[in-house]
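> The residues making up each chain are set out below.
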Amino acid sequence: MKRLAILIVALVVPAFRPAPADAPKRIVSLIPAVTEMIFAMHEDSRLVGVSNYDRFPPGVEKIDRVGGLLDPNVEKILSLKPDLVIVYATQQELQTRLERAKIPFYSYEHRGLPDITQTVRAVGARIGSTAAANRLADQMDANLDAIRRSTAALPKPKTMVVFGREPGSLRHVNASGGYGFLHDMLVIAGGVDVFDAVKKQSVDASNEMILVRAPEVIIELRYGEPMKAADIEREIRVWDALPSVPAVRAHRVYILTGDEFVVPGPRIVEATRRFAETLHPKTR
Amino acid sequence: MIRRRLAIVVAGFGSFLLLVCALAPLAGSTHVSLTRAFDRSIPFADNVDAQIFFIARLPRVIGAALVGAGLATAGVVFQALLRNPLAAPETLGVSYGASVGAMIAITLLPGTSIAGISTVPLAAFAGSLGALAIVYALSRARSRGMSSTVLLLGGVVLTTFLGAIVNFIQYLADFTQTFRTVRWLMGSLDVGSYGPIVAALVPLALAGVGYATLPRTLDLVTLGPDAASARGVDVARAERLALVSASLSTGAAVSLGGPIGFVGIVVPHLVRMMVGTDHRLVLPGAALFGAAFLIACDLGARTAFAPVELPVGIVTAIIGGPVFLWLLLRRVR
Chain A
1 MKRLAILIVA LVVPAFRPAP ADAPKRIVSL IPAVTEMIFA MHEDSRLVGV SNYDRFPPGV
61 EKIDRVGGLL DPNVEKILSL KPDLVIVYAT QQELQTRLER AKIPFYSYEH RGLPDITQTV
121 RAVGARIGST AAANRLADQM DANLDAIRRS TAALPKPKTM VVFGREPGSL RHVNASGGYG
181 FLHDMLVIAG GVDVFDAVKK QSVDASNEMI LVRAPEVIIE LRYGEPMKAA DIEREIRVWD
241 ALPSVPAVRA HRVYILTGDE FVVPGPRIVE ATRRFAETLH PKTR
Chain B
285 MIRRRLAIVV AGFGSFLLLV CALAPLAGST HVSLTRAFDR SIPFADNVDA QIFFIARLPR
345 VIGAALVGAG LATAGVVFQA LLRNPLAAPE TLGVSYGASV GAMIAITLLP GTSIAGISTV
405 PLAAFAGSLG ALAIVYALSR ARSRGMSSTV LLLGGVVLTT FLGAIVNFIQ YLADFTQTFR
465 TVRWLMGSLD VGSYGPIVAA LVPLALAGVG YATLPRTLDL VTLGPDAASA RGVDVARAER
525 LALVSASLST GAAVSLGGPI GFVGIVVPHL VRMMVGTDHR LVLPGAALFG AAFLIACDLG
585 ARTAFAPVEL PVGIVTAIIG GPVFLWLLLR RVR
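Chains A and B are the protein sequences, given in the same order. According to this note's numbering, numbering within the first sequence proceeds without interruption in unit steps and concludes at 284. According to this note's numbering, numbering within the second sequence proceeds without interruption in unit steps and concludes at 617.
Computed spacing ranges between beta-carbons, pair by pair: (1) Ala295/B <-> His251/A: 46 to 54 angstroms; (2) Ala250/A <-> Ala295/B: 44 to 52 angstroms; (3) Phe322/B <-> Pro58/A: 57 to 65 angstroms; (4) Ala448/B <-> Gln118/A: 40 to 48 angstroms; (5) His251/A <-> Leu310/B: 28 to 36 angstroms; (6) Val466/B <-> Asp83/A: 35 to 43 angstroms.
Read the hints as simulated data drawn from the structure, not as lab findings. Built from N, CA and C at the ideal position, the CB exists for glycine as well.
Same shape as in the complex, but just chain A (with noise of 0.2 angstroms):
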């Protein structure tokens, strides 16, 4: 029994302690999405680098930029003199070079929208704020679960999620397919997802394929350079070439704007809550 009470302080207490003494305190982080994990934790001061890509919060472009998947620089991360490194899981050689300097790394996978959580909680642990990560992975995983009950009662469309293609053309349009972060959010937000037989996360669909799988609402997600309501129109127009789609002839076709799509971190539940609100227009 008292081991037991010692076991459960010794699991417990770390939560609720500031961050250790030895927990890192110059953290670089290669992935946008656990950059916004990390702001969200409060802890972005001890961030001192970050990649390319990142654009998210207000404030990340004071950080110094050190590369990114393709093209981590490695001199740079070296020359911050970090504590902690956030790299890919597939960057093996960035990973060689730091085990040569001796530099700590963390080493991170992004799959489904469940891992979100889960990568939040571990990053937390691994930087020493535990409990800041907790509650915000519990507040994550409670609206998220919110919004999936929101959902549950309603009718559920076949619904075409698509995350690229030539612009003025229906030509190499990739869609999501029955697999990752983008269907997850597809599923809580109360759509089917029309490929989701097929267990990939991108989907190459051609005509042929989008006039079979006769999807009931197109969601297209625009991200990057922001898009004028004129070309968001002129956009939508482009699928009225296939006609006998239900999602062109009821005018569901939407574009919506914004990287908070394609970054997996903590705006992935108002991403999904837009995905909600466009499926169920009265839930509004």
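We have chain A; now place chain B onto it with these hints.
Just chain B now, with coordinates in the frame of chain A:
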């Protein structure tokens, strides 16, 4: 004699092409009811079968035919001009010139269009003509003593150089643009509408007019420029016309389908194997067989791994690579 042989070649390859053309729109990842597709009593907007047939499959088949014919005939002309069996749009750097154009359009002019046509095919067309202008300048130098092997080597260097530029543009682009450019480089015939086909028809028709005048001069040029000029052929002028025609047809093909490999190199060899070296037979044969070959490859791309599709460039490479190696071995024996 030649008329009869031409008639046989056209009839033979033509009926093969017709057969492929008739089969390809019927096959796909889903079954289409032809009676429903052609039933005029159902409004087109409600008729899924008709839309699959007319919007998804027919433009693909037509696009594949044009791209296949364009690449194969350009390959014939390049091989005759350079008197080298390795000459083709992809080995002379022309495909990569088109790629550089497309990359620039995708990454630097995202979402722009001119007269309703996306800037991507327009830039690809311009890029292929640019690369051919360099090849042409090299060929002009050839008349001052540069061999066709050197010209081909120039093409290889140009390909590598333009490949590096493609990499450079991809490196500068953001992740999603890189994804699109990589996909573009694999080639695709899902053209989505008839607009790009009509746009590609203009340069292809011009190339066809050029080709019509070529066979005899090509036959003579194959014998060597000296032999050709001895028989009263203005070699420089004939070469110019041949290069311009082949550029137009390559540019149109690559802008429509992306840099689809091996069609321009394998089809001319296969056709010559079947009909001999007379260009009056090789050119029309390559046009018909190239069209049929690419339609068949695209059919494979659409159906092999249904419901997902393969990029057609992968299919042509998987078929064309081994076929070409086999041709090489055959020549050695």
